[in-house]
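Colleague: Construct all of the structure, not just a fragment, from the sequences and the given hints.
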Amino acid sequence: MLNVCMFKCLYVCMKTILFIEDEATLQKAFGDVLQQKGYKILNALNGEIGLRRARSENPDLILLDLVLPRLHGFEVLKKLKEDPETKEIPVIVLTNLGKMEDINKAIELGATTYLVKTEYKIEEVIEKIKKIIG
Amino acid sequence: MGIIIIFTSIFSYLLGAHYIANVEIVIFIVLIIAIVLFIISYIITRSFERLAEASKMKSEFINIVSHQLRSPLNNIKWTFEILTSKELEVPTEKVEEYMGNVEENIARMVELIDDLLIVSKIEQGRVPISKKEVFLENLIKDLIKRYRIFAEASHVELNFYFKEQASPVFTDPSLIKLVVENLIDNAIRYIKGPGKVEIKLTMENKKVLFSIKDTGVGIPQKDKKYIFQKFFRAENVLKERTRGSGLGLYVCKSIIENLGGRIWFKSEEGKGTTFYFTLPIK
Numbered sequence: 084m085l086n087v088c089m090f091k092c093l094y095v096c097m098k099t100i101l102f103i104e105d106e107a108t109l110q111k112a113f114g115d116v117l118q119q120k121g122y123k124i125l126n127a128l129n130g131e132i133g134l135r136r137a138r139s140e141n142p143d144l145i146l147l148d149l150v151l152p153r154l155h156g157f158e159v160l161k162k163l164k165e166d167p168e169t170k171e172i173p174v175i176v177l178t179n180l181g182k183m184e185d186i187n188k189a190i191e192l193g194a195t196t197y198l199v200k201t202e203y204k205i206e207e208v209i210e211k212i213k214k215i216i217g
Numbered sequence: 008m009g010i011i012i013i014f015t016s017i018f019s020y021l022l023g024a025h026y027i028a029n030v031e032i033v034i035f036i037v038l039i040i041a042i043v044l045f046i047i048s049y050i051i052t053r054s055f056e057r058l059a060e061a062s063k064m065k066s067e068f069i070n071i072v073s074h075q076l077r078s079p080l081n082n083i084k085w086t087f088e089i090l091t092s093k094e095l096e097v098p099t100e101k102v103e104e105y106m107g108n109v110e111e112n113i114a115r116m117v118e119l120i121d122d123l124l125i126v127s128k129i130e131q132g133r134v135p136i137s138k139k140e141v142f143l144e145n146l147i148k149d150l151i152k153r154y155r156i157f158a159e160a161s162h163v164e165l166n167f168y169f170k171e172q173a174s175p176v177f178t179d180p181s182l183i184k185l186v187v188e189n190l191i192d193n194a195i196r197y198i199k200g201p202g203k204v205e206i207k208l209t210m211e212n213k214k215v216l217f218s219i220k221d222t223g224v225g226i227p228q229k230d231k232k233y234i235f236q237k238f239f240r241a242e243n244v245l246k247e248r249t250r251g252s253g254l255g256l257y258v259c260k261s262i263i264e265n266l267g268g269r270i271w272f273k274s275e276e277g278k279g280t281t282f283y284f285t286l287p288i289k
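Respectively, the protein sequence lines represent chains P and B. Residues are numbered in our numbering as their position in the first sequence, beginning at 1, plus a constant of 83. Residues are numbered in our numbering as their position in the second sequence, beginning at 1, plus a constant of 7.
Simulated from the structure, these hints should not be mistaken for lab results. One or more of the hints may lead you astray.
Stated by the list, open to error - Straight-line Cα separation of at most 25 Å, DSS-like style, residue types lysine-lysine; simulated pairs:
1. LYS101/B with LYS111/P
2. LYS204/P with LYS101/B
3. LYS214/P with LYS170/B
4. LYS84/B with LYS213/P
5. LYS182/P with LYS199/B
6. LYS170/B with LYS111/P
7. LYS246/B with LYS164/P
8. LYS199/B with LYS123/P
9. LYS213/P with LYS213/B
10. LYS98/P with LYS101/B
11. LYS148/B with LYS170/B
12. LYS211/P with LYS93/B
As the list claims (entries may be wrong) - Where chain B lies over chain P, by a calculated footprint (3+ residues, C-beta under 8 Å):
13. 143 to 152
14. 157 to 165
Even glycine gets a Cβ: it sits at the ideal position worked out from N, Cα and C.
Modeller: See below:
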């Protein structure tokens, strides 16, 4: 009984990450790694679902790709930061777009940090996540 | 440029009126000068437009290629990091899944590079054509077999109608295969939910007519004129699917025209699209 309670407590205490990414294989593989590191992962394959899940599940952190179907990442970010319910959730933009104008736009819109996927190793991304939500 | 034409016309009229007594001749000369200037200005404007278009294409090319190559490349890179990491434990059953991911992403890159190579050959006018007698119905049947699983997984019914004993067509089978593959792939891919794809092959006045009809998203009216342009992707398609280079239909059109045929389409947004092409039998 005690063990079940402890397990429930651990699960509830786990930090939740919403991963909005249209590359299903990457989402799955990186999601597995984050789970191993002790995070609870929520997935969304397009911007619309991502925004909906952010509002309904209030995650501790959002990993946001930019080139997304249905709703572009910038639109998602803008709506997240306009909504009082979601504006405090830290957002890491994790994308393949590396232009300075995209980086500036994301930061202006309220992204906590901006990572170009090809420039980072998985461990480095995990370090950034740890720094933000522990 | 318009102002220059007006001033030149006025100036040449005044000059002509001063030296030539006959007003009709003066007007005639002024008209000729205006027309010549107008043609020159048209040529200059078109050249600038073409330059601007080429520059836009170039930047689109860089954007598309860099993004479409970076995505699978990064997927491969991160998957290898996971597989080789000393800190992460990868269960045995996952290893196979991850290796499958790598394979899929390599195939994506190869496909894009193949498309770019064929585009480059088209642009240089050196698409290698090797014609021989081809029974198109057999070629299409083989392709349908290959696409059957993809169609079923996408809840799409894939049918092929043709007349038995159709004449062989003297054409390049590998190029035609590329065209038909592109058209079938698009037709299945852009159907949302359950749908139907119908392929027909008929003979018409020494020509073979191929058609592929789908019940997909259709092409928006404003996008129809650009659909065969290089790197172009219709707005409704782009919204649903971020993968894709926008080269497929450009390649199809170039190949069909190189083989002496014609390609066109009819489409209604939300209802579906039918692509047609003809090829000369001989």
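Colleague: Assess, step by step, whether the Cα of LYS213/P is no farther than 25 Å from the Cα of LYS213/B, and give holds or violated.
Modeller: The hint is violated at about 69 Å.
Colleague: For the pair we were handed, LYS199/B and LYS123/P, check the Cα-Cα distance against 25 Å.
Modeller: 31 Å, violated
Colleague: For a C-alpha distance cap of 25 Å, please report whether LYS204/P and LYS101/B respect it.
Modeller: OK: LYS204/P and LYS101/B at ~20 Å, within 25 Å.
Colleague: Sort out whether LYS111/P lies within 25 Å of LYS170/B, counting only the CA atoms.
Modeller: 47 Å, violated
Colleague: Regarding the pair LYS101/B and LYS111/P, is the alpha-carbon distance no greater than 25 Å?
Modeller: 11 Å, holds
Colleague: Please check whether the segment 157 to 165 of chain P has three or more residues whose CB lies within less than 8 Å of a CB on chain B.
Modeller: violated (count 0)
Colleague: Taking only the CA atoms, is the gap from LYS246/B to LYS164/P under or equal to 25 Å?
Modeller: Judged against 25 Å, a Cα distance of about 22 Å means the pair holds.
Colleague: Within a Cα-Cα threshold of 25 Å, do LYS214/P and LYS170/B meet the stated pairing?
Modeller: 67 Å, violated
Colleague: Verify the proposed pairing of LYS148/B with LYS170/B, using a straight-line Cα cut of 25 Å.
Modeller: 13 Å, holds
Colleague: Please verify whether LYS182/P and LYS199/B have alpha carbons no more than 25 Å apart.
Modeller: 33 Å, violated
Colleague: Establish whether the coverage given for the segment 143 to 152 of chain P by chain B is satisfied; the threshold is a Cβ-Cβ distance below 8 Å, and no fewer than three residues must meet it.
Modeller: holds (count 3)
Colleague: Can the restraint linking LYS98/P and LYS101/B be considered satisfied, given a maximum Cα separation of 25 Å?
Modeller: Holds, at roughly 24 Å.
Of the numbered hints given earlier, the model fails hints 3, 5, 6, 8, 9 and 14; all others are met.
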